[in-house]
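Two chains, each in its own frame: build the complex with the hints.
First to last, the sequence lines map onto chains A and B.
No gaps in the numbering here: position 67 of the first sequence is 66 in numbering that gives the first Met the number 0, and each next residue is one more.
No gaps in the numbering here: position 60 of the second sequence is 59 in numbering that gives the first Met the number 0, and each next residue is one more.
Please note that the accuracy of each hint is not assured.
[To be verified] What follows is a set of in silico ranges between Cβ atoms, one per label pair, in the way DEER data are often shown:
1. B:D159 <-> A:L128: 21 to 29 Å
2. A:K13 <-> B:H1: 49 to 57 Å
3. B:C68 <-> A:M150: 25 to 33 Å
4. B:W153 <-> A:P96: 35 to 43 Å
5. A:K13 <-> B:G125: 45 to 53 Å
[As the list claims (entries may be wrong)] Straight-line distance between alpha carbons at most 30 Å, and here's what the computed DSS-like set of lysine-lysine pairs gives:
6. A:K27 <-> B:K139
7. B:K140 <-> A:K13
8. A:K46 <-> A:K27
9. B:K139 <-> A:K13
10. A:K105 <-> B:K87
11. A:K69 <-> B:K194
12. A:K27 <-> A:K132
13. B:K133 <-> B:K85
14. A:K132 <-> B:K133
15. B:K140 <-> B:K164
16. A:K64 <-> A:K33
What the hints contain is simulated information worked out from the structure, not anything from laboratory work.
This one's a predicted model, so the numbers in the text were calculated from it and none came from an experiment.
Positions of the beta carbon are idealized from the N, C-alpha and C atoms, including for glycine.
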Amino acid sequence: MDFSIRAANVEDCKDIARMIVELADYEKVTDHVKITQRDLEQDGFSKNPFFHGIIAEVPEQLRTKDGHTKVGYALYFYSYSSWAGRAIYMEDLYVMPEFRGKGIGKALMSKVAQLGLAAGCNQLNFTVLDWNKSSRDFYMSQGCCDVTTSMGYHCMRCEGEALQHLAQP
Amino acid sequence: MHFKIRPAKKEDCKEISRLIMELAVYEKMPDQVKIAHEVLVFSMSYNCLTPDPQFHCSTSVELERDGFCENPFFQCLVAEVPEEHKSKEGFTVVGYALYFYTYSTWKGRSIFLEDLYVMPEFRGNGIGKGLLCKVAEVGKKKECVRLQLSVLDWNTPSRDFYAAKGAQDLTVSEGWHAIRFDGQSLDNLANEAAKI
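Same shape as in the complex, but just chain B (with noise of 0.2 Å):
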């Protein structure tokens, strides 16, 4: 099948955070994406923020905000088809890699690989291996000498394919542990620094 990929422009947004939607619902968190969905419908359909952080996707507005400024935190590639292998839906944008570029103190310049997906129709086309090696491609440019991501343990497909593609699993050789503060627990840590 024929693909181009390309870095995505703010006129995308729309279609990233439509992408990142099905993304959510495939890694199955449903009370998020439930709440998302109506999040994202209303937030799409007034044009404004979310009012709950804590239970959204990011809509097209905060991708335009955080994505496009001057000082991105992430950067995005899109994969489309041409017209005649538009989705039923009619869409071209099929797929998108979301990445930025982050910091290891032994080894220097990384990139970390957020976000990765194809829509299943068309998926087993190379579009998502187009994706990865892009990114990796825009990573040996910036001289980053890693290229990181995470994956759940339960998906063997997508952990299939990056094995596939060389990377090692860190959690299971290794013992890294990813560990996250947000919500209250994250307050509750900023308002620690007041006191120093």
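For reference, chain A alone in the conformation it holds in the complex (with noise of 0.2 Å):
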């Protein structure tokens, strides 16, 4: 299948939007969503973004039922590792349902660490939801490695009142 892989623009916000509401439909958290598409264009396209885009995009012919050539993005940021040095953080990997199969999901996903490697950085990191096998067995089948698995890494979080409790000065 013919299709392109490019940075994201500001005008690419409206359809990020979209595919990140398909993606936690997916994920089966659609409720969990308060990002808009005018948070992310502030957020992603202002002086010191807090991600950065890409968005695999299909020809006019290809284009969906709805009219869509954007079926695919990914979102990544800088991090850093004490131990490594600069690292990629893949927020956000998605092909839409029927654009799957067709190596979309793994040309994004190459694009963000050859973006990291130019930038320097020396680890991709991400995570994968234990149940989601289909994931799993594909960033498996590309050679990664599961450190929750091998090394005990436990992912943590606060937020809500627990936060605010916390940032009381």
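Printed below as a string of structure tokens:
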């Protein structure tokens, strides 16, 4: 299938917001999404962006029945390991169901890896849900390591009231 | 015990790299530490970058380059005690927190606490909590709605510490696993991009 991968621009935020909701549906947590198109525009395309994006696009003749040509995305940002140095974190990777199996997901992830290496990064990190077998199989087939299983890392989060409480001066 | 928490300056990088090494020892990564220590000593003696990025702790040179540039990869806070409370080796910088901004496409701006460490002889004085709270406060000012970190499953004191502050363990409660590409697997993946 003919497709291209390119850097996201601010005009893509409407489609990114649409696909974020589709990904949340897939991860069974649609009601968790609070982000709007405007948030994405402010947070990803200002002077000190919180994230960067890449988009997978198909030609007009392959557009979806709803008329979409932007059919996948990856969202990433730079992070740091005090052991390994610069790192890149892939927050989201998504391809619309009807466009899967064509190498688009792999192409998006490879592009993130390439961008990371170009920026001097030594690791690409992300998370995956333990029940998400098809994604886990896909990632393992690309040669990654599950550091929760192999090294015992647990992902922790503070939010809401607990975070408010912590942040008291 | 009297202590203060302040943003790290470029001049603190030597102390921070020392504390990073101590944390690596605490997290029991002996192979990486053994090689890292030699490389660290080599690098600090010759003030050059490490030759093999796979096995090292960030040196003061790398910390300066990556944390104090125009678009820093991380931010750092240090905990300092007055001279009269310095450690037996004479250090007054006795703890640090290393963090960076991240993004959740569900909730928005977030902050990730990459490292939190206090020298053993200074624990139990609220310094760790002080550092954690300061990171949360910094995040709040930037309108971050989440603070995230990872902890090793065997590290019961740390897991208890974070649980007591209201952190949820998402690996246990929701099944999240941390996945990584590095070294050869990262190179192979990146090489695929050239074929697109």
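Consistency of the hints with the structure:
1. Take D159 of chain B and L128 of chain A: their Cβ atoms lie about 26 Å apart, and the range 21 to 29 Å holds.
2. Separated by about 54 Å at the C-beta atoms, K13 of chain A and H1 of chain B satisfy the suggested range of 49 to 57 Å.
3. Between C68 of chain B and M150 of chain A the CB atoms are about 30 Å apart, so this pair conforms to the stated range of 25 to 33 Å.
4. At about 40 Å, the beta-carbon gap between W153 of chain B and P96 of chain A stays in the expected band of 35 to 43 Å.
5. For the pair K13 of chain A and G125 of chain B, the supplied restraint of 45 to 53 Å holds, since their beta-carbon distance comes to about 47 Å.
6. Proposed proximity of K27 of chain A and K139 of chain B is supported: the alpha carbons are some 28 Å apart, at most 30 Å.
7. At roughly 27 Å between alpha-carbon atoms, K140 of chain B and K13 of chain A fall within 30 Å of each other, so this suggested pair holds.
8. Distance hint between K46 of chain A and K27 of chain A is unfulfilled; the C-alpha atoms sit about 33 Å from each other, more than 30 Å.
9. For the hint pairing K139 of chain B with K13 of chain A, the CA-to-CA distance comes to about 27 Å; that is within 30 Å, so the pair holds.
10. Restraint check: the Cα-Cα separation between K105 of chain A and K87 of chain B comes to about 53 Å, which exceeds 30 Å; the hinted pair is violated.
11. A hinted pair counts as satisfied when its Cα atoms are at most 30 Å apart, and K69 of chain A with K194 of chain B qualifies at roughly 20 Å.
12. Only pairs whose Cα atoms come within 30 Å are accepted, and K27 of chain A paired with K132 of chain A is accepted, the gap being roughly 14 Å.
13. For the hint linking K133 of chain B to K85 of chain B, the alpha-carbon distance of about 22 Å falls within 30 Å, and the restraint holds.
14. Restraint check: the Cα-Cα separation between K132 of chain A and K133 of chain B comes to about 38 Å, which exceeds 30 Å; the hinted pair is violated.
15. Of the pairs offered as hints, the one joining K140 of chain B and K164 of chain B holds, with about 19 Å between alpha carbons and a cut-off of 30 Å not exceeded.
16. For the proposed pair K64 of chain A and K33 of chain A, the alpha carbon gap of about 27 Å is at most 30 Å, so the pair holds.
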